[in-house]
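Student: Given next are the chains, with one letter for each unit.
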Amino acid sequence: MKDTRGLEERQLDALKEVANIGAGHAATALSQLTNRRIMIDVPQVQICPIEEASSAVGSGSGVVAAVLMHVLGDLTGRSLLIFQKDCALQLSDMLLNREPGTTKVFAELEQSSLKETANILTGAYLSGLSDMLGLMLIPSVPSLAIDLCAAILSATYLNFGHDRSYVIILDTRFRFEPGDPGMSGHFVLLPDPSSLNVILKTVRLG
Amino acid sequence: MREFVPAGEQRIRKAEGILSVLGVGSCIVIVLYDEGSRLGGLAHVLLPDPTYSSQSDRRGRCATTAIPDLLDELESAGAERGRITARLVGGACMFQELVSESQSNIGERNVDAARAILAEHDIPIIGEAVGGGRGRSIEFDLSDGRVVVSSQGNSDVEI
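Chains as they are written, first to last, in my numbering: chain A, 1 to 206; chain B, 1001 to 1159.
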């Protein structure tokens, strides 16, 4: 199974639904944390060669704050929570009860609050999946990087892939509403290839 | 003219224009330049060697295959091998705390592989911006052979 052409339409739909459930839970958590309305787009499922993976999520040349966590348990892979840089700064204002526009840099406190947010949101994403699929899922500790999106994505796929030929991406874009286009980010699940089959089996399409 | 080189690909140019890569994380970028003919090439490589991937046909993906290809390409375009020098950029490790000790990080292995293959071909490395925890962007100016590296939170450096 090298690309989405290898998946049947109904399998793709099932994966989108899985991403939608996870992202829906995470969006609800983010909404409660920030007291804002959060909208999510229709999830995108991609299976692409690693060469293309660095541009598969968002715009590769934008600076983002990204939190990576391992996913362990019945399903293995990684989760990546990506905030546009402006969004991460404004989010820090909200989380730390500051006047909007106060946070200018990601110092220790800001970084720690972003990691804690990722803990909560990824926890919500995974518990959504867990309830839906009946699987046990455990997140690892979070790790944060603030960098160009392309660098973050390629480093993620290259460091942790098993077969480093292609990558499976369940990407759901979220945005704050009402808000400017910069107030957005992505919930990304990167299941290992063997775990893709686990997901498809639990929804009886594998 | 500025040309961006995507991952897994390589380009050569002569005497004018800029070869650029945005957002190099664990990947490694190899810049080769022959000052005499002002021919230069840039390879944007993802992995050390083909054993890391089940598709061995993509030569631009790995340092051990991409570097000899780029050298050959430069030579057929008129570069003199004895004059070619190399610069290396990339090989960062961005999520250090999640990389287990047993699997030394891929960025480091990319750097090691690139150095080894360049040594094998007797190509001297005259500049490096490698390792660390931050991604990098590169501009290789063919008009004078200068390579400028930029990185989030740091000022630009020339290597």
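Derived by calculation from the structure, the hints in this document are not laboratory data. There may be inaccurate statements among the hints.
[As the list claims (entries may be wrong)] Now the stretches of chain B that chain A is said to cover, found in silico as 3 or more residues with beta-carbon under 8 angstroms: (1) 1039-1052; (2) 1064-1072; (3) 1090-1098.
[Claimed, not checked] Chain A is nowhere near these chain B residues, computed Cβ spacing over 10 angstroms in every case: (4) Met1001; (5) Ile1106; (6) Gly1107; (7) Glu1128; (8) Gly1135; (9) Asp1144.
[Said to hold, decoys possible] Okay, the calculated beta carbon distance ranges per label pair: (10) Asp1069(B) x Glu108(A): 21 to 31 angstroms; (11) Glu1075(B) x Ser112(A): 48 to 58 angstroms; (12) Ser1100(B) x Leu96(A): 44 to 54 angstroms; (13) Pro181(A) x Ser1143(B): 33 to 43 angstroms; (14) Pro1068(B) x Glu8(A): 33 to 43 angstroms; (15) Val105(A) x Gly1131(B): 36 to 46 angstroms; (16) Val42(A) x Lys1014(B): 44 to 54 angstroms; (17) Glu1097(B) x Arg98(A): 25 to 35 angstroms; (18) Glu52(A) x Asp1069(B): 50 to 60 angstroms; (19) Val1157(B) x Glu99(A): 29 to 39 angstroms.
All figures in this text were calculated on a predicted structure; none of them were measured in a lab. Idealized CB from N, CA, C, for every residue including glycine.
Student: State for each hint whether it applies.
Tutor: Going down the list of hints, with the structure as the test:
1. 1039-1052: holds (count 3)
2. 1064-1072: Violated - the region 1064-1072 of chain B has 0 residues with a Cβ nearer than 8 angstroms to chain A, which falls short of three.
3. 1090-1098: holds (count 7)
4. Met1001: 18 angstroms, holds
5. Ile1106: Violated, since 5 angstroms does not exceed 10 angstroms.
6. Gly1107: Incorrect as stated: the minimum Cβ-Cβ distance to chain A is 7 angstroms, not above 10 angstroms.
7. Glu1128: Its Cβ never comes within 10 angstroms of chain A, the nearest being 17 angstroms, so this holds.
8. Gly1135: 3 angstroms, violated
9. Asp1144: Non-interface label stands for Asp1144(B): nearest chain A Cβ at 25 angstroms, farther than 10 angstroms.
10. Asp1069(B) x Glu108(A): 21 to 31 angstroms: 45 angstroms, violated
11. Glu1075(B) x Ser112(A): 48 to 58 angstroms: Since the Cβ atoms of Glu1075(B) and Ser112(A) sit about 53 angstroms apart, the hinted range of 48 to 58 angstroms holds.
12. Ser1100(B) x Leu96(A): 44 to 54 angstroms: 32 angstroms, violated
13. Pro181(A) x Ser1143(B): 33 to 43 angstroms: With Cβ atoms ~37 angstroms apart, the hint holds.
14. Pro1068(B) x Glu8(A): 33 to 43 angstroms: 41 angstroms, holds
15. Val105(A) x Gly1131(B): 36 to 46 angstroms: 24 angstroms, violated
16. Val42(A) x Lys1014(B): 44 to 54 angstroms: Given a distance of about 47 angstroms, which is inside 44 to 54 angstroms, the answer is holds.
17. Glu1097(B) x Arg98(A): 25 to 35 angstroms: 27 angstroms, holds
18. Glu52(A) x Asp1069(B): 50 to 60 angstroms: 20 angstroms, violated
19. Val1157(B) x Glu99(A): 29 to 39 angstroms: Given about 36 angstroms between the Cβ atoms, the range holds.
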